[in-house]
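Asker: Here are the chains, one letter per residue:
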Amino acid sequence: MDPSTAFYVISLIKILLVFAVLMTTLAYLQWVERKVIAHIQVRPGPYFVGPHGLLQPLADVIKLITKEDLLPPYVNKPLYLAAPFIAVSMALLSISVIPFGPEIDVFGYHTYMQLTDLNIGVLFVLAVSSVGVYGVALAGWSSNNKYALLGALRSSAQMISYELPLSLAIAAPLLISNTLSLRKLVETQGGNPAHAGTLWDWNLFHGWQWIGFIVFLIAAFAETNRIPFDLAEAENELVAGFHTEYSSMKFAAFFMAEYANMITVSAMAVLLFLGGWVAPWPAEYGSGLVPVAVFALAGLVAIYHGLHPARRMDRFSLPVVGVIFLMIAAAFLAPFTQSWLLPLFWFCAKTGAILFAFIWVRGTLPRFRYDQLMGFAWKYLFPVAVVNLLLTGLVVALVG
Amino acid sequence: MDVILFLIFAAIALVAAVNVVVQSHPISSAISLIGVMGSLAVLYLLLGAEFIAAAQVIVYAGAVMVLFLFVIMLLNAGTEARQSKSETAHLLGVPALVVFALLLVYFIHQQPESGVHFGGFTGGSAQAVGRALFTTYLLPFEVTSVLILIAIIGAIVLARKEI
Amino acid sequence: MSQVPLSWFLVLSALLFALGVAGFLFRRNIITVFMSIELMLNAVNLSFVTFAYQHKDVSGHLFVFFVMVVAAAEAAVGLAIILTVFKNRGTLNIDDISSMKN
Amino acid sequence: MLLWLIPLFPLAGFAINGIFGRRFPKASINAVAIGSVLLSFLWVLKTLAGAGPLNAPLTEHYFTWIQSGTLSIGFDMTIDRLTAVMLLVVTGIGSLIHIYSIGYMAHEGGYYRFFAYMNLFMFFMLTLVLAANYLLLFVGWEGVGLCSYLLIGFYFDKKFATDAGNKAFIVNRIGDFGFSLAAFLIFKQFGSLDFAAVSGQAAGAPTGALTAIGLLLLLGACGKSAQIPLYVWLPDAMAGPTPVSALIHAATMVTAGVYMTARSWPIYVHAPQAMEMIAIIGTATAFFAATIGLAQNDIKKVFAYSTVSQLGYMFMGVGCGAFSAGIYHLMTHAFFKALLFLGSGAVIHALSGEQDLRHMGGLRHKIPWTFWTMMCAAVAIAGVPPFAGFWSKDAILLAAHAHAPWMYWAGTVTAGLTAFYVFRAMFLAFFGQYRGHHHPHESPAVMLAPLAALAALSLAGGWLFQVPQFLSAFFPAHEVPEDASLMAISTAAGLIGIALAYLMYVAKPALADSFAGSVKGLYWLVYNKYFVDEIYDAAVVTPVIDGSRAVLWKGVDAGLVDGAVNGVGARCRNVGSVLRLWQSGNIRSYATWVLVGGVLMIVAIGLAGGAR
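Protein chains in written order, with our numbering: chain A, 17 to 416; chain B, 81 to 243; chain C, 50 to 151; chain D, 7 to 618.
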């Protein structure tokens, strides 16, 4: 194949791969969320569709697809139909610039574990997420329902307000790394292939950048309309907010958009502050063995429980899962797969940790009042972000 | 490739712009305007203005037009009435507008011709714009910040309940 | 032909500008009129960027940047004025807002 | 040498107190105000110590202020022997009076405002003194006038105070008009306003032009230094706080005219008629003001007329060619007249605001410090040897005798009158029985310390600072033979004046009234200050007001100007009533016209080939 054809083919493969994985993740993220919250509240969660409810997402998808697609009367039809489409496509678009790993060799072809690298990757993500507001706003307005409209106004005002501290929090690590490209961002945090870095190269550990990280996380919670900032869909006030009038797949689209946004901001947090795919310490000191140990341990625990007589219901499923885990652990030991599996593992582990924080917070915190929400953004978060940016800029100017 | 991209997005921009003018409902006009802005952002990328393209989406599409949408939703502006008090605008405006557009196009074609291809100009990166902004155009930049401050205060004063 | 003629961009800009003028002249909703102004600004921005490409000079981008900032400020104040006008007069029809005369 | 630091310190003090003083506690205001003046004084001392013998002027050029055609005026400062004397007087006496003011103003409102103005005055006065050309001098000249106006009207809630401020300002305008005309003539004649250029070229200039310049400068000096015919503002200026009277209207600002004429000696020595005019005006003012001083009952008015009279002495000296004697008297007068004013301020302070001599008396036991220090000043001004006034007055009278004997005799009589009225005031205030109703109390130490310092200067300053010797190299040689008999006569006149005052106001108090009764008409005339204010009102003020009202207001303004404006307005309305048919009040039609205009402009540019 000549290089240009190869480029198209590889890009197509990557797109399909990322899309498939992302869709699965979206579906299972919801399952994870339900499970985690259930365990926080000391109850089992989904349990009956498949072992431990593992097939629950599949069942949900089938239910949503087969449900009647209801079109309420008196809606503004084109916009009503376009809104969920805008929301979900803008949410998925950001993923295209997220790098999951370094440059790798696949069958002799060099490629990046990233769909495309833009010089203005960070700005691109911001731009796309700012357009995502329209999905919410138009959905609320076109539904011709006062709860939907109020929810949409609330949520778009909230998203615009929190975009400021978010952007300012993003700017500080950008100043340190001196680039807008997401891949270069990771390379300056120890992701340089020439010599691998450590924990201390991450932007999070540069001076007081943990403040910026916290500001970013809070603003990200608000941007994704998650608890404690989910006023747009406060069911005791606004029924279901902007998607009150939506059902079946259009409702699912908003759902997907929310979870895709969560994944995007988590990935952004990892890329900006936590060093992307970089291991906490270099592989020659044994960081490559961490995933092996993790998966092996998980597999052994699963097998032990599966063979235990008290768990009769799981006597097939758990050993199977355990064996799969052991196989994954073995895959991490193979030199052929190690080069791309290890970065992917660290990236997913970090992103997963932040996603877990999202769920954890949802299981723990109550909801803000609306004036508290706005006051918090403008009176506390925004000044802190500005001061953080100014001081960081000063230090960068003095040092660099 | 560049030509195809240009034609696609120029067509989108034109259709959307026509839509802005002919749609009777402000919301539709606003959505069409966002379409114009989005396709213009792509054209900016083609012209090597990557920072401006991103700023176009963030500022125009992401902030200014949301504001418009907000106001339209708040005022619940309906379709406009079919009545006109300005005969001048129609009698004189249409021919003047046609002449205006034709003249512009005519003069543009008087210009020496040159081609545009993607990557022909790479000086529009965030670094280049930022450097120019903080050296050559530092004073306008600072003045602009004052302007923004004035606009904020003005908007707050105007939108207060007492007036 | 792999290159787009530069004049196409300028013609597009001129047409967009003319459409903006048309919107300004023929529309009666004050918000739509305001949006027509934004359309004209965008048309001018396109020609700025095109000329920046032609001269290989980033200054054109700076002008666009400033136009954007001014447009944002203008939108904030302008929409606040529209809100006030609507509160006081209950109409958005530009033909009905002519208190400067008499 | 950093000369600019000298005026900068008070300016900084003014800025700090003027901007933040309202929020400062008094201690901070004091620290800033006194500190800035003291720093200035110390910097003067350091500058003079480092400047060497100052045989030639040292000029510093900071920047070119005005550049237009051949006119080039720099922001220059210069220092020579004359400047050195003035700097020491201004900053030294200024420091003492600032310290005194802490006590005097302690209970007044507008405390910060007072000190801010005082510091501003110091800034302008030092600029005036340090200026190296007439324009910069004029800046200081106008600036001190402004401060004088502000401080005379310090009690702006009292009408007489603001009236007095206005009067001072307006009368000074006449003098400043003369000064500016003189500056124009100087530029026309010499092509420059620098002192150095003028002094270098004066010898070759035509006498007529120099006389004109000299007379116009004299007009300016008459305004600032309160000489006939423009002296009327100074007695009224006593409406300001007493430290202001001491600093501005006795020691420093009013002597600016003397300084300026002395500074312009190259012009005057080549314009003998102008010199003669100075001498005549000085002599006349000295005598005339002294007679008015005889019959005043307000203690500050007495000293005010005394100041006018003593300024006349200085002009007499300058006019007789004894420039150094004039400056000498300027310095000694600053000592004892500042002391007299500060002392009278202490008396007024002691009596809670009483200024009328008829309600004083017998105060010498109640406020002994004030009494004894004022006594030092009184003997100094009376010309009793060997105190300060004796030396300088004697130098002037000797020069006057050499110039024209009648001036000497007029000056001697004036010396007697001076001694008489000063001691009349002293005896009325401090001897006899107390005739008032207040409970006099001695002033605080912060007021007495400056009094004591000035008393020492009044007693010893005359022979301690031999100004004529110091300035002999600066001014043209002016040798006057020593004449013991003339000295004896003038000293005797002073002693006779003291003796008469003692006789009439201490030994036989009834004598004064009977004497006043015997020359009733003359007393009445003197008591009412020869009706000069009334004459000015009738001759100048009323005609100007009436003329303005009848001709300028009714005729020119209402008829011509208003008529033209109204006519233009009416025509515009007529045209507008036609044009407004175009103004539909509809934005879209306006926009259409804008578009049409744009099309036309594009066509025009295209036709002109601009599109290429």
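Hint data in this document are derived by calculation from the structure and do not stem from the laboratory.
Watch out, some of these pointers could steer you wrong.
Residues on chain D that point at chain C, a partial pick, calculated with CB under 10 Å [unchecked claim]:
1. Thr217
2. Leu221
3. Arg594
4. Leu601
5. Gly604
For each residue, glycine too, the CB sits at the ideal point set by N, CA and C.
Asker: So which of those numbered hints doesn't the model satisfy?
Answerer: 1, 2
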